[in-house]
Amino acid sequence: MKNTRSIIFKELFTTKYVTILTVILLTAFLGNGIAKFLGIPLNWFLILLECGFFIFIALGSFSITIYFDPLLMARHKGIIPSTEEIIIRRVFLLICLISYTVCCAFVYLIIYLTSYNLAEFSFFILIFVLFLAYAVPPMRLADRGYGEILLTIFTANLIPATAFFLQSQSFHPLVIQLTFPLVPLFLAAMISTSLKNYLNEMITGTNSMVMMLGWKLAMDLHNWLILSVYLIIALSAVLGLTWNLVWPMFLPLPISIFSIYEIQRIKNGAKPRWSFLALGGYGEVLCMLYVLLFSLWVK
Numbered sequence: 001m002k003n004t005r006s007i008i009f010k011e012l013f014t015t016k017y018v019t020i021l022t023v024i025l026l027t028a029f030l031g032n033g034i035a036k037f038l039g040i041p042l043n044w045f046l047i048l049l050e051c052g053f054f055i056f057i058a059l060g061s062f063s064i065t066i067y068f069d070p071l072l073m074a075r076h077k078g079i080i081p082s083t084e085e086i087i088i089r090r091v092f093l094l095i096c097l098i099s100y101t102v103c104c105a106f107v108y109l110i111i112y113l114t115s116y117n118l119a120e121f122s123f124f125i126l127i128f129v130l131f132l133a134y135a136v137p138p139m140r141l142a143d144r145g146y147g148e149i150l151l152t153i154f155t156a157n158l159i160p161a162t163a164f165f166l167q168s169q170s171f172h173p174l175v176i177q178l179t180f181p182l183v184p185l186f187l188a189a190m191i192s193t194s195l196k197n198y199l200n201e202m203i204t205g206t207n208s209m210v211m212m213l214g215w216k217l218a219m220d221l222h223n224w225l226i227l228s229v230y231l232i233i234a235l236s237a238v239l240g241l242t243w244n245l246v247w248p249m250f251l252p253l254p255i256s257i258f259s260i261y262e263i264q265r266i267k268n269g270a271k272p273r274w275s276f277l278a279l280g281g282y283g284e285v286l287c288m289l290y291v292l293l294f295s296l297w298v299k
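Under this note's numbering, read the sequence shown as residues 1 to 299, first letter to last.
Derived from the structure by calculation, the hints contain no laboratory data.
Please note that the accuracy of each hint is not assured.
[Claimed, not checked] With a Cα cut of at most 20 Å, we get these calculated PhoX-like pairs of lysine-lysine:
(1) Lys10 with Lys267
(2) Lys196 with Lys16
(3) Lys216 with Lys267
(4) Lys196 with Lys271
(5) Lys267 with Lys196
(6) Lys216 with Lys271
(7) Lys196 with Lys216
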């Protein structure tokens, strides 16, 4: 039973999932920060509810992803008997059902506070449908190489857009200008932090984005994605984004250059330094979110 609890904890709170949950909270505050920057009064109880919804919808989706994972027991072969597999899977199913129930409660409270709005309700439906497509067969994009793309859209775009809309009940171009560069940045980070698992994924048959692209194309794409981040930021400046928001977004550039350098080392045949590569991937994302949050909340 102790091993069973340990496996449940390790599967649900992997570095990947904990990082995604952290980014979810940060991007939720990014959306609310944009509202504050534009002078919109914030409802802090609403912020608490929306953060709860985002966390529990992700937690439930991660749980159902593990529930349907055919390689779940193979990762823990020899640790627990196969007879306990059904118990472990049912625990993850229970966590999913509880999480989704809590999400429904949060949605009800949010709609009650904001007075029913069709666009607002559409955001919640879209998020729920995307996570079902991510985790549940027959689509199960998590095993088809598209899971990372869906998670990127959710964390980089949908969360801040939803958070902003709940506060303002409207849309604003600033949301697109600040969140669009996050898409290639998040994708690049997912590539750099996933490369070390390439051999293991090849052996087990896991079809991640890196596996779908192939290691060489994935590394080339990583570098182009990083370059596109700062080109998009520069273009936003040309199109009128205030300089007070533009220049802080270039502060993570040294970390991004370091990530490109580590990728080039591997391409040139040097021994991979996976810890440095992962550090660069996580670092550039967290640094970008930090400077954006600081610029929006402390002005």
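Consistency of the hints with the structure:
1. Simply put, Lys10 and Lys267 have alpha-carbon atoms about 32 Å apart, too far for the 20 Å limit, and the pair is violated.
2. Between Lys196 and Lys16, the direct Cα distance comes to roughly 13 Å. Compliance with the 20 Å bound is thereby established for this hinted pair.
3. A distance of roughly 8 Å separates the Cα atoms of Lys216 and Lys267; the hinted pair therefore holds under the 20 Å criterion.
4. For the hint pairing Lys196 with Lys271, the CA-to-CA distance comes to about 12 Å; that is within 20 Å, so the pair holds.
5. Note on Lys267 and Lys196: the hinted pairing holds, with a Cα-Cα distance of about 14 Å set against a maximum of 20 Å.
6. A C-alpha spacing of about 15 Å is found between Lys216 and Lys271, which places the hinted pair at or below 20 Å, so the restraint holds.
7. Between Lys196 and Lys216 the alpha-carbon distance is near 13 Å, which keeps this suggested pair within the 20 Å criterion.
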